[in-house]
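S.K.: So you can see what is in the structure, the chains are spelled out below.
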Amino acid sequence: MRTPRTTRRTLLAGAAGLAMPAIARAQAVSEIEFYFPVAVGGPITKIVDGYAADFMRENPDVKVRPIYAGSYVDTLTKAVTATKAGNGPQMAVLLAVDAYTLVDDELILPFDTLATGAEDKAWLNSFYPAFLRNGQIDGHTWGVPFQRSTIVMYWNKDAFKDAGLDPDKAPANWAEHAAFAEKTTKREGDRTTRWGVQIPGTGFTYWLFQALAIEAGAELANANGTKVNYNDPACVEALQYWIDLTAKYKAHPPGIVDWGTTPRDFLEGKVAMIWHTTGNLSNIKANAKFPFGVAMLPAQKRRGSPTGGGNFHLFKGATPAQQAACLRFLKWVTSPARAAQWSIDTGYVATRPDAWQTEAMKAYVAGFPAAAVARDQLEFAVAELSTHDNQRVTQALNDELQAALTGRKAPKAALDDAQAAGTRLLRPYAR
Amino acid sequence: MAGVRRETLQAWALILPALVLLVAFTHWPAVATLVDSLYTTPKGSRPPRFVGVENYVALMDDPVFWRALHNNAVYALVTIPASVVLALLMALAVNTALPGRPLLRMAYFTPTMLPMIAVANIWLFFFTPDYGLFDRIVGVFGMGRHNWLGDAATALPAMMAVAVWKEAGFFMIFYLAALQAMPPDLKEAASLEGSSRWNFFRRVTLPLLMPTTLFVLVNAVINAFRLVDHVVVMTRGGPDNATTLLLYYIYETGFRFWDTAMAATLTVVLLALLGTLAIFQFGVLGRRVHYR
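Chains as they are written, first to last, in this note's numbering: chain A, 1 to 431; chain B, 1001 to 1292.
Derived by calculation from the structure, the hints in this document are not laboratory data. Ideal placement from N, C-alpha and C gives every residue a C-beta, glycine not left out. Incorrect hints may appear among the rest.
Unchecked claim - From the derived model, a few chain B residues whose C-beta atoms are all more than 12 angstroms from chain A:
| # | residue |
| --- | --- |
| 1 | 1124 |
| 2 | 1157 |
| 3 | 1288 |
To be verified - Restraint-style ranges between C-beta atoms, simulated for each label pair:
| # | chain 1 | residue 1 | chain 2 | residue 2 | range |
| --- | --- | --- | --- | --- | --- |
| 4 | A | 354 | B | 1113 | 35 to 43 angstroms |
| 5 | A | 429 | B | 1126 | 40 to 48 angstroms |
| 6 | A | 410 | B | 1206 | 50 to 58 angstroms |
| 7 | A | 193 | B | 1133 | 12 to 20 angstroms |
| 8 | A | 53 | B | 1011 | 57 to 65 angstroms |
| 9 | B | 1131 | A | 368 | 25 to 33 angstroms |
| 10 | A | 74 | B | 1053 | 28 to 36 angstroms |
| 11 | A | 354 | B | 1057 | 53 to 61 angstroms |
| 12 | A | 321 | B | 1133 | 53 to 61 angstroms |
| 13 | A | 321 | B | 1030 | 52 to 60 angstroms |
| 14 | B | 1139 | A | 74 | 31 to 39 angstroms |
| 15 | B | 1139 | A | 287 | 22 to 30 angstroms |
| 16 | B | 1009 | A | 53 | 35 to 43 angstroms |
Said to hold, decoys possible - No farther apart than 30 angstroms at their CA atoms in a straight line, the calculated lysine-lysine pairs in the DSSO-like style are these:
| # | chain 1 | residue 1 | chain 2 | residue 2 |
| --- | --- | --- | --- | --- |
| 17 | A | 248 | A | 157 |
| 18 | B | 1043 | A | 78 |
| 19 | B | 1187 | A | 316 |
| 20 | A | 84 | B | 1043 |
| 21 | A | 301 | A | 248 |
| 22 | B | 1187 | A | 227 |
| 23 | A | 362 | A | 169 |
Chain A on its own, in the form it takes in the complex (with noise of 0.2 angstroms):
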């Protein structure tokens, strides 16, 4: 009698053993996906792998897919079409000010709809302001802030002291910017063999101008981005600065300066001062062979720089499951230990006020005081150029910047011509 129920009941516990992981998995377990681009240097797939993998060992009940999908462009590129063509991600890390064109084409979910809880909320407001303006549209929250970037100078301080200057005094306005870049520029008969500073002008031109711009006392679009102000005359000053540190100090290479290779003429010592992402630092503390500074951009009215980098967004396809589980994520890999730890990794800048109050965080700003530069200089912060149809009324001004840079058109003139294409590509978004 024994043998025959033993036998029945290890069918059953078996039979249970196979469909019970099937049931569990149908029950509990939301799978989603983000697409992420990789912009700077260093094993960035490796480390978001990392924070993938670490969460589902804590989240068994969630199951994370990362996805590097190339540049921010090739990003948004499949991004977008995957979810036209009805397969798109959950989740996808793109350009901060790429918003609008999201929004625009009815791509994405506002977060503050969802994370509607109390401690929700406040995580949604833990983020610094400047990061988190680009992704607020129509009084929504689109943009989860991740990988954000901003302008700073890095200077070669012993091409300072070659040159006379205190090694450890960055300059603090204009005046003293042209004025240092003049002094550091070193020449040999006809050839240039060290320049005093360059403004990289490919890919980004804008971003660079903006920098200029604000500091000039100018803003490039309204809050709403329906507007731009391209040929304010503090622009005109701005652009006329940028050109002189060429025409009139000598101190710029003339022409367009690429924004691949300023980082590499740095580190070989061919120029002085150079304007980048503060996503270098890692690199150029990585490689530079002598003692180096980082700096807030200097003043003209006012300091400031653009914010940069990239955002989370919640894409449309989400099932409540899945958005839920994508919140979860999200304030896992934002919260302040993460965000610290994948400042120090990449050399972006943390997101959060209290992620530079972490130990980890602390303890590397004392050993590198230049990494928390870029945090200082958030005080001073404006939002990226962003508008509707952004893409291309930047590139507008992209192209007229250009044009003034290679001396085929006058700044003025330049941005008149930039004014006009942007408020002609606006006037469906002006009503």
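With the hints as your guide, set chain B onto chain A.
M.R.: Coordinates of chain B only, in the frame set by chain A:
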């Protein structure tokens, strides 16, 4: 009668696989593009609206389109003859008995085998001011710094140099194959008659190479409009659209500005342009190339 029908059916069945692929991936997209170019770009919940030729009219007013067209014309007019002549010279060089000939052939062919994106990154550093390869070379002759890619006057020529370097080796292979297929008795007969080498080349070799030249020209024309990878890596169309080529502008319009209707319009213009050129090449040149 029944036999003929069976034969027709069989013929259709035989070409069906190729026809399905051709229609699905070539003809249908072309027609769909033409249709899309007559509508507005759908935005969010706003569906596309029929606007007729409005997109084409708008294109006529777009200064960047004219700039891209002009750039592409210059690009084609320089890179096509340059790469074809260079290819012919290289093929003639490696066709003669020369020590280290296989090595030389391989060296000429290497640019074709390398992926364009990798090549563009290498050339990016060749063109770097001050310490790039070209500035070091001209520096030896006492010339100063050149911002090759950052100057509107030199950026497009720099792009063309990369294209010629990339293309010439590829076309050389076709010329080399044609030269090797040439019967050696022609050469013997010519030398018996005391014909000079230049005369032989002009009167015999070159006419016999004409079919190859037509083939190479057709490919070169297509490539002049198709090869834009290095623009993406090296200049992104800058400075101030000095290196914006037609296909690059289509990509920007379609996948950066998300104006799919305008991108379709541009594509139709490019298709029409290439179609016209192909008809001209096969119709007019095609009749004259064969040695009779």
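S.K.: Now tell me, hint by hint, if it's right for this structure.
M.R.: Status of each hint after checking the structure:
{"no.": "1", "hint": "1124", "in the structure": "7 angstroms, violated"}
{"no.": "2", "hint": "1157", "in the structure": "14 angstroms, holds"}
{"no.": "3", "hint": "1288", "in the structure": "43 angstroms, holds"}
{"no.": "4", "hint": "A:354 to B:1113: 35 to 43 angstroms", "in the structure": "54 angstroms, violated"}
{"no.": "5", "hint": "A:429 to B:1126: 40 to 48 angstroms", "in the structure": "43 angstroms, holds"}
{"no.": "6", "hint": "A:410 to B:1206: 50 to 58 angstroms", "in the structure": "52 angstroms, holds"}
{"no.": "7", "hint": "A:193 to B:1133: 12 to 20 angstroms", "in the structure": "18 angstroms, holds"}
{"no.": "8", "hint": "A:53 to B:1011: 57 to 65 angstroms", "in the structure": "59 angstroms, holds"}
{"no.": "9", "hint": "B:1131 to A:368: 25 to 33 angstroms", "in the structure": "29 angstroms, holds"}
{"no.": "10", "hint": "A:74 to B:1053: 28 to 36 angstroms", "in the structure": "33 angstroms, holds"}
{"no.": "11", "hint": "A:354 to B:1057: 53 to 61 angstroms", "in the structure": "56 angstroms, holds"}
{"no.": "12", "hint": "A:321 to B:1133: 53 to 61 angstroms", "in the structure": "57 angstroms, holds"}
{"no.": "13", "hint": "A:321 to B:1030: 52 to 60 angstroms", "in the structure": "43 angstroms, violated"}
{"no.": "14", "hint": "B:1139 to A:74: 31 to 39 angstroms", "in the structure": "37 angstroms, holds"}
{"no.": "15", "hint": "B:1139 to A:287: 22 to 30 angstroms", "in the structure": "25 angstroms, holds"}
{"no.": "16", "hint": "B:1009 to A:53: 35 to 43 angstroms", "in the structure": "59 angstroms, violated"}
{"no.": "17", "hint": "A:248 to A:157", "in the structure": "24 angstroms, holds"}
{"no.": "18", "hint": "B:1043 to A:78", "in the structure": "17 angstroms, holds"}
{"no.": "19", "hint": "B:1187 to A:316", "in the structure": "73 angstroms, violated"}
{"no.": "20", "hint": "A:84 to B:1043", "in the structure": "11 angstroms, holds"}
{"no.": "21", "hint": "A:301 to A:248", "in the structure": "21 angstroms, holds"}
{"no.": "22", "hint": "B:1187 to A:227", "in the structure": "74 angstroms, violated"}
{"no.": "23", "hint": "A:362 to A:169", "in the structure": "24 angstroms, holds"}
Going through the hint list in order, the structure does not satisfy hints 1, 4, 13, 16, 19, 22.
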